[in-house]
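S.K.: All chains should be built: construct the whole structure from the sequences, respecting the hints.
Chains E and L supply the protein sequences, listed in that same order.
Following the working numbering, the numbering of the first sequence begins with 1 at its first residue and continues without gaps.
Following the working numbering, the numbering of the second sequence begins with 10001 at its first residue and continues without gaps.
These are calculated hints, taken from the structure and not from any lab test.
Fair warning: there could be bad hints in the mix.
No more than 30 Å apart at the CA atoms, straight line, and that leaves these computed lysine-lysine pairs for DSS-like [said to hold, decoys possible]:
{"hint": "1", "chain 1": "E", "residue 1": "Lys193", "chain 2": "L", "residue 2": "Lys10357"}
{"hint": "2", "chain 1": "L", "residue 1": "Lys10135", "chain 2": "E", "residue 2": "Lys152"}
{"hint": "3", "chain 1": "E", "residue 1": "Lys155", "chain 2": "L", "residue 2": "Lys10135"}
{"hint": "4", "chain 1": "E", "residue 1": "Lys155", "chain 2": "L", "residue 2": "Lys10131"}
{"hint": "5", "chain 1": "E", "residue 1": "Lys150", "chain 2": "E", "residue 2": "Lys105"}
{"hint": "6", "chain 1": "L", "residue 1": "Lys11024", "chain 2": "E", "residue 2": "Lys81"}
{"hint": "7", "chain 1": "L", "residue 1": "Lys11024", "chain 2": "E", "residue 2": "Lys193"}
{"hint": "8", "chain 1": "E", "residue 1": "Lys81", "chain 2": "L", "residue 2": "Lys10992"}
{"hint": "9", "chain 1": "L", "residue 1": "Lys10098", "chain 2": "E", "residue 2": "Lys156"}
{"hint": "10", "chain 1": "E", "residue 1": "Lys105", "chain 2": "L", "residue 2": "Lys10829"}
{"hint": "11", "chain 1": "L", "residue 1": "Lys10098", "chain 2": "E", "residue 2": "Lys150"}
{"hint": "12", "chain 1": "E", "residue 1": "Lys152", "chain 2": "L", "residue 2": "Lys10125"}
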Amino acid sequence: MKKLALGLFFIVGAFVSNAQEVTVSEILDTYFENTGGREAWNKLDGYSAVASVDAQGMEIPIEMINMKDGRTITKFSLQGKEIVQQAYDGETLWSVSFMTMKPEKGESEDTENHKRSIGEFPDALLNHEKMGYTVALDGEDTKDGVECYKLKLTKKSQLVDGEEMDNIVYYYFDKENFVPIMQEQEIMSGQMKGQVAQTLFSDYQEVDGLYFPFSMTFQTEGGGGQTIQVESMELNPEIDDTVFAFPEE
Amino acid sequence: MKVLSTLFIVACGLSAHAQSIEKLNGDALFGDMQARHIGPALMSGRVSDIEGHPEDSKTIYIGTAGGGVWKSTDGGVMFNPIFDDHCQSIGTVAIDSKDPNNTLWVGTGEVWTRNSTSVGDGIYKTTNGGKTWKKMGLENSDRISAIRIHPDNSDVLFVGVQGALWGPSEERGVYKTSDGGATWEKVFYIDENTGCSELIMDPNNPDILYASFWEHRRTAWSFNSGGDNSALYKSTDGGKTWNKIHNGFPEGTLGRIAIAAAPSNSAILYSVIESEDKKLSGLYRSDDAGASWKHLNADFELVVRPFYFSRIVIHPTNPDIVVKAGFLGSISRDGGKTFRNLGSMHPDIHDIWFDIKDPDKLFVGTDGGLYRSLNLGNTMEIIENLPICQFYHISVDNQEPYNIYGGLQDNGSWFGPSSSPGGVEARDWEVIGVGDGFRVYPHPTKPHIMYSEMQGAENVWRYDSKNRQTRIIKPFPVKGDPKLRFNWNAAITTSLNNPDRLYIGSQFLHVSNDMGNTWTKISPDLTTNDPAKLNQAESGGLSLDNSGAENHCTIFTIAESGLDQNVIWVGTDDGNVQVTQDGGKTWTNTTPNISGLPANTWCYHIEASTFNKGTAYAVFDGHTSNDKNTYCYKTTDFGKTWTSIVTDDVYGFARSFQEDYKNPDLLFLGTEFGLYVTLNGGKNWVKFENNMPATAIHYLEMHKETNDLIMGTHGRGIIILDDVSPLRQVTNDIVTKKLHFMETKPYEMSEESTFGGTSSETQFVGANPYGGAQIIYYLSKRHTFGKMSMKVLDMDGNYVTSLTPGKKKGINIVGWGFSTSVPKVAKGKTITYSGLTAPRAAAGKYKVVIQKGKETYETTVELAYDKNSVFTHEERKKQQDVVWKLYDMMEELAYMVHRLDTYMEHGESMAKENAKLKKTVASMTSEMNALKKTLVITTGDNYVGAAENELREDLGDLYSTIAQYSGAPSSTQMENMQKIQEEMQEARDSMKKIEQKSLKKYLASLSKMELASPELESYEEFVKKD
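M.R.: Now the structure itself:
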């Protein structure tokens, strides 16, 4: 989720003249063209970000690294202790238990779903055709007071409680400037099942010619949220394999 | 890069066009203002229809009388609403068996046609499991009884339209679409008074359809069920031709007819008949697909109130097990010969659904929610997360938090708090009336006294919660009085001028100045007193139904002016708006002065303005005359002239209204389909949709202290729009500014305990309002590009804390929970939870600074201490002094450990490369580690493997203990502080000793070897937070 969120970029400038006739291709082409170009995005092998979460009186530092090959790590730091929230080393999805401070493997279904998402880099929209995903214009809607185009991205199915389920993400592109400002996805299991998880994007900034949202707010529709504020990013960082590796005891 | 920057500027400049409040839609105006639902759900509300997925028994949908459609995907444990943007009165839900995960249809308009039922506005379809819906026509159908989808062709549907309840309508009968709802053909129609009340499709042959037709009509003063056109029909050619199938049915006039076909053997049909001949009413069975019928049963549950209970449901595999909706609901296991009641649950059963995989499990929809049984209806359990109760009216008191009082359809009278520790739970609500509940009021100054009533004012109670005494205080007729006529929902109100005063309206206005003990009539009959509308004893049609629901020519709304007790407004259900300016001596009927209002349109609410005693607003509801227009009028001259303040922006007939107390142009209108707001006295209206379903709002009230708008909805319980004061400040001027801060009141910092929360995961818990300070601002454009940050500073500019700014176009509300910043905590092996506590800010003003790109915006926010605080200024000061002293000690300790870690890490790395340093480093590290082990935990985990406390933990424990209590620390705590201070001093001494000896030695060695010394942050840098 974090990777998806951070993998969203930015667009400025080109505006499609006749909104009535806008197509998915026009939206995406304009968007990629103005965020640095598809070529540049495809050359990106990975990025790292230093960020923080404001928790009323406490700024929790977060570090995120996402690689094109699916390796990822997100860790936060509390009282100087680093706690891995989620990592994937190419084989194992893992995190650190807050109770024991020891690494634990992710559940097999979560791992499988993560593996299926490899290739969605820096976001599923960039190479969605290659991934076998489809994108359709699903009307218009107002989000955050902004009139948006609603794009429906249908991905490979996902496993939910042992069953293959649809995997659909909605993107909302600001009609005025073609920036995605929100993503929505249905929560598929647990007590919140059936509710809609939203990710809001803002504070787009340029990093070496590519544009990223430096602010992402995760919330349920109509509910409270948590914002990750990116402070700095590095593109194509050199990261040692051991950073992602599940620490065997 | 340069190109991009230029384009960025272009993008930002694009929205420079002028904005005005008339042009703002709800999304761009209300922003972060969110409706807050507090239910309750413990008594739930009327469930009108249940539908299960044809393959996945865990997926269940319910349609409700006024609360929309809810979906469960876990076998009925948790439900979520999926139809909030549309009409909330539901007739039926249907699932397309060819695409059961995605394609659903909803027919709006409840078909259980009680007096208080709402209306529908068409048929809707979703193709994504309920995420989005599209209206597919039949806008004037009013009530849709059934949707039957062809099992082999999703584009072919048959729809039963029961149609208008309150008048004639040609949009009734059986409709068919062959193109997925793009066009509709009326394939079977009787007449404009007879609708299709049930339509079923043979489970084995989609060409065979059965349709029951019902002749019926309601008026505001009567109900008629039955007529010569009521009949049961069958089609065997896909709806082209229809034939009556009455072989075995009673002769004479029929009323409402239920029909069901057994899923396991579609030749077996059950029908329930409302008949002129009572002996021949009740259950019929056919074993030859309707060719002949046999009468089986006329027991009470089979014949009771057909307009409300005409549904029979057959077991999925055993055609001899049938369940009949009814007063208690009943089940037969012998093919309908005998029945026994279903298990104990709320009465008034409307629908039943059997689990397809385990038919012993069934769900039952009642007037009091959804029930589940695991043993074929023997015992029932209620689903506890459906806040779909139907308030007729609400009122509020002046307590903190304020309470909300209200009466419910078939669920009595209640009061409960607007907030509660842990959320507003089932246990927070108290019953103060039985039967159907309507107007409930607290005594304005005696919080233990409250008034409630039941239907038709059969009882009006005064309840004294202090000694749990109840007294019936309804007025009785005295010599010379005619029979007193009270509405089903009889008008009662308290007075703004005399706290012991109570008004109640029959056809007369009665007043009591001693809390209901003695009553005086202060008006003549204020209604039209039309004899044609006073024959309730004959109401009901074939089944007499004189419940009080049709009482008419009564007073429905009473409003005493808060500015002059002699000015009293009265509105009647037959269309009169009467006013007295002399306390009831003389009355003027102002209705003739209202233009554009059809005669006898029900006056639902009158609001006496708080700005001017000659000003009032009147809301009229014509739906009981089959008129769904919106009527809301304003007078400024005691009713001599009235002006409509409704525009085309408003959808649905209105019942409720609220004038703001501060801004006379800020008005709220509650319609059958949601909440509308005007900022300009009615020039234009904007629908409020933030977490606000399109539910019928029967009453609106505003709380003067909190500025909350409280909505009594008829289907979604109580919904609160917290603090509407930002709306008072929205003008054409501010909506053109890039960023405009709203003025806010000082925020009180509650010192109450937060213990609470006893509900289980499956119970509904109402949300609490935000308890912190709020920074509120209007953004004329969403912030999307570049940085935006928000900081809180004290008035001297010192950093206090950071907050996450809102960025949406419209009103942004950022909460500040009064926290400053947590201390920097010494790094150990584990986390110390006490270090997650931030001291609370002191009362006073604070600067809030927003940095948005290159621009800076600043406002102030004021915090105040809890006015109910038990602490003195001195006690508070003592607490703050001690907290900040301990805070500094926490940070000092953190820096000490940081230095030790820095030196040891440096030493270790240097010693690796320089053998000569090994001994010095080993000695230094040994001393440092020995000290560190006394300062922080260096072993164990964050749970039960925790190590023994060290100084950090002891210090933190005391710090957070004192920080969480606003009063002075106790003597025990101060003694503990003394001990910790001594330990801290010992640590400082040890540190100093190490620094002066072994560290000094190490640094000297480094210098001698010309090696770099460790780089150490200064204390100020180390603890810096902004």
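S.K.: Which numbered hints are broken by the structure, listed smallest first?
M.R.: The structure conflicts with hints 5 and 7, although it agrees with all the remaining ones.
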